[in-house]
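Student: Per my numbering, the sequence shown starts with residue 6, numbered consecutively.
I should point out that these hints are in silico values taken from the structure, not numbers from a laboratory.
The model shown is predicted, which means the values in this text are computed figures rather than measured ones.
Hints are supplied without guarantee of correctness; some may be wrong.
To be verified - Beta-carbon label-pair distances, calculated as ranges: (1) Gly187 with Pro134: 36 to 46 Å; (2) Gly169 with Pro28: 34 to 44 Å; (3) Gly169 with Thr238: 20 to 30 Å; (4) Leu32 with Ile173: 19 to 29 Å; (5) Ala39 with Val244: 41 to 51 Å; (6) Val25 with Thr97: 33 to 43 Å; (7) Asp132 with Val29: 46 to 56 Å; (8) Leu69 with Gly49: 21 to 31 Å; (9) Arg19 with Ser131: 37 to 47 Å; (10) Asp132 with Arg22: 33 to 43 Å.
The beta carbon of each residue, even a glycine, is placed where N, CA and C say it ideally should be.
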Amino acid sequence: MTAVSRSQAPLIGREARRLVRHPVVWLAPVIVVAAISVETPSDGRTAGYWYGTIFVAAAFFGPLIVLFAANLVAGSARRSRAEEMLTVTPTTDIRRAWAMCLGVALPLAGAGAVAAGAMALIDSVSDIPPADLLTAGELAQLPFVLAGAGLLGVLAARWMPFAGGALIVFAIVTLGGVVLFGRFDSGIWWMWWTTETTLADRPPVPGEPWLHAAYLAGLCACACVAAVYRGRTRRLALVGLPVVAATLILGWLQLS
Numbered sequence: 006m007t008a009v010s011r012s013q014a015p016l017i018g019r020e021a022r023r024l025v026r027h028p029v030v031w032l033a034p035v036i037v038v039a040a041i042s043v044e045t046p047s048d049g050r051t052a053g054y055w056y057g058t059i060f061v062a063a064a065f066f067g068p069l070i071v072l073f074a075a076n077l078v079a080g081s082a083r084r085s086r087a088e089e090m091l092t093v094t095p096t097t098d099i100r101r102a103w104a105m106c107l108g109v110a111l112p113l114a115g116a117g118a119v120a121a122g123a124m125a126l127i128d129s130v131s132d133i134p135p136a137d138l139l140t141a142g143e144l145a146q147l148p149f150v151l152a153g154a155g156l157l158g159v160l161a162a163r164w165m166p167f168a169g170g171a172l173i174v175f176a177i178v179t180l181g182g183v184v185l186f187g188r189f190d191s192g193i194w195w196m197w198w199t200t201e202t203t204l205a206d207r208p209p210v211p212g213e214p215w216l217h218a219a220y221l222a223g224l225c226a227c228a229c230v231a232a233v234y235r236g237r238t239r240r241l242a243l244v245g246l247p248v249v250a251a252t253l254i255l256g257w258l259q260l261s
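Please construct the entire structure, taking both the sequences and the accompanying hints into account.
Tutor: Following this line, the structure appears as structure tokens:
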């Protein structure tokens, strides 16, 4: 077990570096900086302004961009026609897939944690309007929203290895989610999203933000398992069904 972990660590680090160095990832700070530079808030750039800006960067721009960046990183071997070379390496496809998922999820979760920490720091040194203030449980959701977006990109690269696969996943998960879950009051609690924002300005539905963070972690695990065990139906069922069941239980508990 120790030997496997040691051999996996360099692979995970390599995938993490590939993601962090990808130029598409750096579109997120560029877009945020450009938006800040042209925006003229009526109340000035107060602590509340920076608090909201960090949230928008981590919860809106970030997931959208890293989904496509992770998809490009995960599909780079296919696009460069190097898949046949990978099949003769000592590392198995499953171990490469695990390394890819962890190499994508860990740095993105870390970025989400940094964003949540920055927001908490701003709140600790300045008073944020109560209407804009996020609870600790809502801040804890940010790492899983970002990591989940990256894992969806990997999932699309594994299951839809063709141009436009990431766009299809984005449409199904985001646009489809808004349409489907927007039809009932507790829909926001079942989406791969932070519960800070409600759907269509509806009154917030009571729920437990910390359990929603756990539910998002379950969704991340579902995407990771599905990506790793693509094409291995039996193992996918043996590992995936318990993970899906646990995630659904957390989904129900968050509203109880």
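Student: Taking the hints in turn, state whether each one holds.
Tutor: Structure-based check of all given hints:
For the pair Gly187 and Pro134, the beta carbons lie near 27 Å from each other, so the given range of 36 to 46 Å is not met. In this structure the hint that Gly169 and Pro28 lie 34 to 44 Å apart at CB is violated, the actual value being about 20 Å. Checked against the hint of 20 to 30 Å, the C-beta distance between Gly169 and Thr238 comes to roughly 25 Å, which is consistent with it. Between Leu32 and Ile173 the CB atoms are about 21 Å apart, so this pair conforms to the stated range of 19 to 29 Å.
At about 43 Å, the beta-carbon gap between Ala39 and Val244 stays in the expected band of 41 to 51 Å. Against the hinted window of 33 to 43 Å, the Cβ-Cβ separation of Val25 and Thr97 comes to about 25 Å, which falls outside the hint. For Asp132 paired with Val29, a C-beta distance near 37 Å fails the hint of 46 to 56 Å. Under the hint 21 to 31 Å, the C-beta atoms of Leu69 and Gly49, about 28 Å apart, fit the expected range.
About 40 Å separates the C-beta atoms of Arg19 and Ser131, a value consistent with the hinted range of 37 to 47 Å. The hint said 33 to 43 Å for the Cβ distance between Asp132 and Arg22, and at roughly 40 Å that hint holds.
Comparing the model with each numbered hint stated earlier shows that hints 1, 2, 6, 7 do not hold.
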